[in-house]
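As you go down the protein sequences, you meet chains P and L in turn.
Residues in the first sequence are numbered consecutively from 1, following our numbering.
Residues in the second sequence are numbered consecutively from 1, following our numbering.
Simulated from the structure, these hints should not be mistaken for laboratory data.
It is possible that part of the hints are untrue.
With the C-beta cut set under 8 Å, the calculated list includes, among others, these residues of chain P facing chain L [as the list claims (entries may be wrong)]: (1) Pro34; (2) Pro82; (3) Leu134; (4) Ala136; (5) Pro143; (6) Ala144; (7) Cys161; (8) Ala163.
Which residues of chain P face chain L? A few of them, derived with a C-beta cut under 10 Å, are [as the list claims (entries may be wrong)]: (9) Gly72; (10) Leu118; (11) Ala121; (12) Gln135.
C-beta: ideal position from N, C-alpha, C; glycine also.
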Amino acid sequence: MALRPTVGQQFDLTLRRSIPVALAILMLFLGILPWNTHTLGPLNANLVLIPIYYWTLHRPRLMSVWSVAALGLVGDLLGVAPLGVNMMTLLIGYRVAVSQRKLFAGAPFLMVWAGYMLMSAVADFAQWVLVSALQAQIVDPRPAILLYMIGAVGYPLCAYCFALIQRRSLVRVF
Amino acid sequence: MKQRVGSVSLAVAARTWTQKFAFVLLVMTAFGMMLVGKADTLVVSRARTLLIDLVAPIMDAASRPIASARDAADQVQQLIQLKQENERLVHENQTLLEWQTIGRELQSQNAALRDMLKFTPDARATYVTAPVIADTSSGYVRSLIVLAGAQDGVVKGQAAITGAGLVGRVLEVGRRASRVLLLTDFSARVPVVVERTRDQAVLAGNNSDNPELRYLPRDVDIKAGDRIVTSGVGGNFPAGLPVGEVIGVVDGRIYVQLYAQLERMEYLRLVNYSLPGILMQDLGVDTTKSNTVASPLMGRLPGAQ
Numbered sequence: 001m002a003l004r005p006t007v008g009q010q011f012d013l014t015l016r017r018s019i020p021v022a023l024a025i026l027m028l029f030l031g032i033l034p035w036n037t038h039t040l041g042p043l044n045a046n047l048v049l050i051p052i053y054y055w056t057l058h059r060p061r062l063m064s065v066w067s068v069a070a071l072g073l074v075g076d077l078l079g080v081a082p083l084g085v086n087m088m089t090l091l092i093g094y095r096v097a098v099s100q101r102k103l104f105a106g107a108p109f110l111m112v113w114a115g116y117m118l119m120s121a122v123a124d125f126a127q128w129v130l131v132s133a134l135q136a137q138i139v140d141p142r143p144a145i146l147l148y149m150i151g152a153v154g155y156p157l158c159a160y161c162f163a164l165i166q167r168r169s170l171v172r173v174f
Numbered sequence: 001m002k003q004r005v006g007s008v009s010l011a012v013a014a015r016t017w018t019q020k021f022a023f024v025l026l027v028m029t030a031f032g033m034m035l036v037g038k039a040d041t042l043v044v045s046r047a048r049t050l051l052i053d054l055v056a057p058i059m060d061a062a063s064r065p066i067a068s069a070r071d072a073a074d075q076v077q078q079l080i081q082l083k084q085e086n087e088r089l090v091h092e093n094q095t096l097l098e099w100q101t102i103g104r105e106l107q108s109q110n111a112a113l114r115d116m117l118k119f120t121p122d123a124r125a126t127y128v129t130a131p132v133i134a135d136t137s138s139g140y141v142r143s144l145i146v147l148a149g150a151q152d153g154v155v156k157g158q159a160a161i162t163g164a165g166l167v168g169r170v171l172e173v174g175r176r177a178s179r180v181l182l183l184t185d186f187s188a189r190v191p192v193v194v195e196r197t198r199d200q201a202v203l204a205g206n207n208s209d210n211p212e213l214r215y216l217p218r219d220v221d222i223k224a225g226d227r228i229v230t231s232g233v234g235g236n237f238p239a240g241l242p243v244g245e246v247i248g249v250v251d252g253r254i255y256v257q258l259y260a261q262l263e264r265m266e267y268l269r270l271v272n273y274s275l276p277g278i279l280m281q282d283l284g285v286d287t288t289k290s291n292t293v294a295s296p297l298m299g300r301l302p303g304a305q
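Pulled out of the complex, with its shape left as it was, chain L reads as follows (with noise of 0.2 Å):
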């Protein structure tokens, strides 16, 4: 008896040793992993698209409940508004017819003036429209996965827009979904404009739904309501895409919100713009060599072919 109660100790004291030694192993792979990840992106990046390429048809198929949820409880939200939302569309349909005469002036106009310039229009965007599969965000990060990868087309700095405007970039592409980085994001740094002023910033995401200008030259003019649009610099994105607006000054800080409503993001389009951007240069893509398809940046530089 006293032999049993021995060995069934020395069974307790080996198994209590072994998870500490464990915990003590799975601490320092934790901590390699961390090094690992700052010196080798490349394997950490192809990791990860492996990843969520497994987890994509998982992850489609556990969404659709909530998408269905959701536009259901969106109809009955619209039902209940539909008299308001009736008044509101006869007033902006006024608007819009207002607007529609002025724009078929410039139009007329800017042809005439292209015609007189022999301006060579810009290359089409190619898009892809694919579904949010997951919300892969923490308090540290903002990021999303779409389902869609390369074997629809997408490609690594592509822009991820909404109708209202820009939301992110693609940062990782898997063989059938991809991850984008949201403009919101801690790393996130787009070149913008003020539309109003034409100075030049970046916009610097925070983890909070409202990125930050920053970089702006000092005793700019700035106000709540300004428009925030890319600004074609570093050719990741073209000039003039949605960003959003000015909201306030809070510290001598500047905060923009989002065109786009990033709680309400079912799909996203990731459009290729062929632009030779910085991103490019990271995949290793001599961008110093013509594409096939023409870049609309190089076509408004001066004494561009």
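Next up, chain P with everything else stripped away, as it sits in the complex (with noise of 0.2 Å):
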């Protein structure tokens, strides 16, 4: 007979479960603090897209469609750029790379890496295409393409803080 967790355990299992999406959050306020990199550029480079990618592939069920939904909104809300922009270029990086996850999963880093430039150009060409429609003329994609590459160049590193966290706190936990 399978024992019944007691409380404690299911609070510290919803806990678990809960640090992907909180990762997202702190990435998103992360890439909101003052910087002061206006020299390099904002630093609000679709931060989020980096855990959105990285759970989605190791610990699909922990990132569902919603959070992320709800993460775009957060995001769309915090900036002044045109409602639902941010949600729906979320959704489209989510999108990719729910499609790429069993190609990536368990794949070399490379590739995973790979991967992820891929799902970001997506996202960040969505987003482009978004903006220049909503405001009725092409809007220049150089500080767009300077985003993407930090993103890019930073996904190594979050990727193996998540790693370390994944392998610490959500060994068991799906």
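Dock chain one against chain two, each of which comes alone in its own frame, and use the hints as you go.
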């Protein structure tokens, strides 16, 4: 007969299950802290795409489409870009990650990294198209390309940190 | 056993279908939000101010270690450059003393001329100094969140300045935090004037660190180093606020380097000049009625009481 988990164990499990979304929220807020990086361009490089991609590959049940949409909405309200654009961008990125999951889960890191760059490129391109359409003119894509590159370079470090957290706290949590 | 396998595969299929349905539903929601955002900006603005009010204390706490680290790095840098800095300051002091003499002469001359014209001095501006707690810029927008809101007297449309010059204007005001749209933002437009030639233009943000001068007259004589100041047209900002200087012309486009160092904005001053500008008209304020505080622009208009 299987033992029923205690309230404490259930609470612990819930906390552990919320780690991926909590990390995504953390990345969202880290991206808007006043780092004073204007010479480089703003740091808010859709950093939240990194945890979405990582956890969709490694713990898909802990990064649901609802969480992704909620993250997008919060990002939309924190910024001044047209409402809905961030949400749509993250949903498109999420959809690309889901479609790649079988291909990249368990693949060598370089391949996973390339997968992130592909997913981020699709999401960022979609964002550029949406912003241009909503502003009824072709906006300069260069700042967005810079931000895409920051995200691409930042992925290995973030993925390393997430892997550590996964090994320590999410070994038996699915 | 077969029945168990069948029910599991059914559950997986149901979950997959639900996920796909949720995805489509959420994509449609995002589209709907884009339409709502276009149609009803007031609702969106209220939702945004509510959220920035909620996150302001967290962002304030989170941004303090960054500010401390930056201060420490600045102090180390200053110590390293102390000798050079001293030489520079001695030279600057000599120049400033010369300017002080000229300034005193002009001050007395100005006082005499004002007396002759019965000139009414400008109303004193009031200001709030607020720390920058979030940089909500992205590839397509340039904005900041500061820790001062309606409870501190911040009003939509106020000028945001640093000691060096104009930075932007207050876009949204929450109870305890506000959003500042930077001059570099794609949608930012400020009427300016080239100080040397007095040619009027509009400073237009382009999401880069160097906004452009637009709507200048043809064959205008603009040189690198020309000072750009606000013109006061539109009534949002008073005339003469320093903005930046021309850095060059590329493909017929004139770019401006702002005086305010965007990479070093820890605090902003939100200044209320009590101007009856078009931004106040956006808010539904009747700007035709006289304000309790005298408007500096009205004092300058010929025939104004």
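- Message: For the restraint on proline 82 of chain P, tell me whether the closest CB of chain L is nearer than 8 Å.
- Response: holds, 5 Å
- Would you settle whether the hint for leucine 118 of chain P is holds or violated, based on the nearest Cβ-Cβ distance to chain L being less than 10 Å? Cβ of leucine 118 of chain P sits 18 Å from chain L, so the hint is violated.
- Item | chain L contact restraint on proline 34 of chain P - CB to CB distance below 8 Å | holds, 5 Å
- Query: Taking 8 Å as the limit, does the beta-carbon of alanine 144 of chain P come near enough to a beta-carbon in chain L?
  - Reply: holds, 3 Å
- Taking 8 Å as the limit, does the beta-carbon of alanine 163 of chain P come near enough to a beta-carbon in chain L? violated, 25 Å
- Using Cβ atoms only, decide whether alanine 121 of chain P comes closer than 10 Å to chain L, and label the hint accordingly. violated, 13 Å
- alanine 136 of chain P as an interface hint toward chain L, with CB separation required under 8 Å: violated, 11 Å
- Task: Classify the hint on leucine 134 of chain P as holds or violated, based on whether any CB of chain L lies nearer than 8 Å to its CB.
- Result: This interface hint holds because 6 Å falls under the 8 Å limit.
- Interface hint outcome for proline 143 of chain P [beta carbon to chain L under 8 Å]: Since chain L brings a Cβ to about 4 Å from proline 143 of chain P, closer than 8 Å, the hint holds.
- Could you check if glycine 72 of chain P really has its C-beta closer than 10 Å to a C-beta on chain L? holds, 7 Å
- Message: A closest beta-carbon separation below 10 Å is what the hint needs, so does glutamine 135 of chain P meet it against chain L?
- Response: holds, 7 Å
- Query: Should the interface hint for cysteine 161 of chain P be scored as holding, given a Cβ-Cβ cut-off of 8 Å against chain L?
  - Reply: violated, 18 Å
In this structure, the earlier hints numbered 4, 7, 8, 10 and 11 are contradicted, and the remaining ones agree with it.
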